[in-house]
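> Given chain Z, work out where chain E should sit, using these hints.
Read off the chains here:
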Amino acid sequence: MESFLRAVAVYGTLMVLFRLTGKRSPGQLTTFDLILLLIISEAAQNGLVGENYSLTHAVVLITTLVVVDIGLSLIKPHFPRLERLLEGVPLIIVADGRPLRDRMKKARVDEGDVLQAARLRHGLERMDQIKYAVLEKSGDISIIPAAAAAAARRAAA
Amino acid sequence: MDRVAGDLQIEQDMAFQRRDWRVQRIGWAVMVLVVAASTAGLLGSGPLSRGRTEVPGVVSVDYQRFSRFQAPEELRVQVAPAATAAPEVRLAVDRRFLDGAEIRSILPRPDRVESAGGDVTFVFPLARPGEGLDVVFNLRSEHLGLARGRVGVVRADGPPATVEFRQVVYP
Chain Z
0 MESFLRAVAV YGTLMVLFRL TGKRSPGQLT TFDLILLLII SEAAQNGLVG
50 ENYSLTHAVV LITTLVVVDI GLSLIKPHFP RLERLLEGVP LIIVADGRPL
100 RDRMKKARVD EGDVLQAARL RHGLERMDQI KYAVLEKSGD ISIIPAAAAA
150 AARRAAA
Chain E
0 MDRVAGDLQI EQDMAFQRRD WRVQRIGWAV MVLVVAASTA GLLGSGPLSR
50 GRTEVPGVVS VDYQRFSRFQ APEELRVQVA PAATAAPEVR LAVDRRFLDG
100 AEIRSILPRP DRVESAGGDV TFVFPLARPG EGLDVVFNLR SEHLGLARGR
150 VGVVRADGPP ATVEFRQVVY P
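Protein sequences, first through last, are from chains Z and E.
Here the first sequence is numbered in numbering that gives the first Met the number 0, starting from 0 and rising by one per residue.
Here the second sequence is numbered in numbering that gives the first Met the number 0, starting from 0 and rising by one per residue.
One chain only, chain Z, in its complex shape (with noise of 0.2 Å):
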């Protein structure tokens, strides 16, 4: 019983810290952030094992925490106020080389970010190039160049 209930509660408690904490994907950690994220295992594993070592008390809170996560991954597709809740929506913030910059500032994204995406993903030089950058739920920034979406409009023509 323990167990779970330390299982559940450091699960839920990291779940609405990181989502209040706002989208940052893998790709945009600093070494910092990788080092902040390996501290606060730290911390969540003394309140995971408590003062108890055995096997069965580490093997109830790793099955715990992964039936928690398979069981809300069952539920929410049923669920879609749910799913928007837990991992929120995704957000347009270039539209045809406009940066929309309230909306990027209220994301804490800037445009550096966003060229920074457009360089690695695809090679662009401008932001007139973007035709659309999108904030993603993940926290990654996806880009549609300018010029492969005419393309592929003309093509459709």
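Derived by calculation from the structure, the hints in this document are not laboratory data.
Just so it is clear, CB atoms sit at the ideal spot from N, CA and C, and this is done for glycine as well.
Which residues of chain E face chain Z? A partial, calculated answer using Cβ under 8 Å:
(1) Ala-4
(2) Gly-5
(3) Leu-7
(4) Glu-10
(5) Gln-16
(6) Trp-20
(7) Gln-23
(8) Gly-26
(9) Trp-27
Chain Z is faced by these chain E residues, among others (derived, beta-carbon under 10 Å):
(10) Asp-6
(11) Ile-9
(12) Gln-11
(13) Asp-12
(14) Asp-19
(15) Val-22
(16) Ile-25
(17) Met-30
(18) Phe-68
(19) Gln-69
(20) Pro-170
Leaving out everything else, chain E in the frame of chain Z:
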């Protein structure tokens, strides 16, 4: 929810997004409050957590108002010289409180420990008559929630002088 925005097939939802941002900012404020409350001692040890209860001139107890499950804590009992009588001082501590706390050490160590009538009585030797007693119990909370404690000094003449305290133990 706009399924299409411009040429994009995307489930963007600005109404939800704005609520999301608002909740996020409130969440940050709550996090700051949690850190502040914890620093102040409302979630464990700290300035606001220090409690003291006493029968003036006889006995005082310093305890921790807010404690955490299985965290070390201190209970300090001071008996005034006027209230002691050679050759020993007898402190009666409520059994129910001790059931919810593990005693890690007692300094100075009692000569013997007796159990009677729902109390555990710690008997401390007095080095010299007319001295007070200052004893620290190092404890560890083993029960969650509200804990009540009672400490009494057994007196030869009349009823024991008793102080009571309450503490909250967080998980």
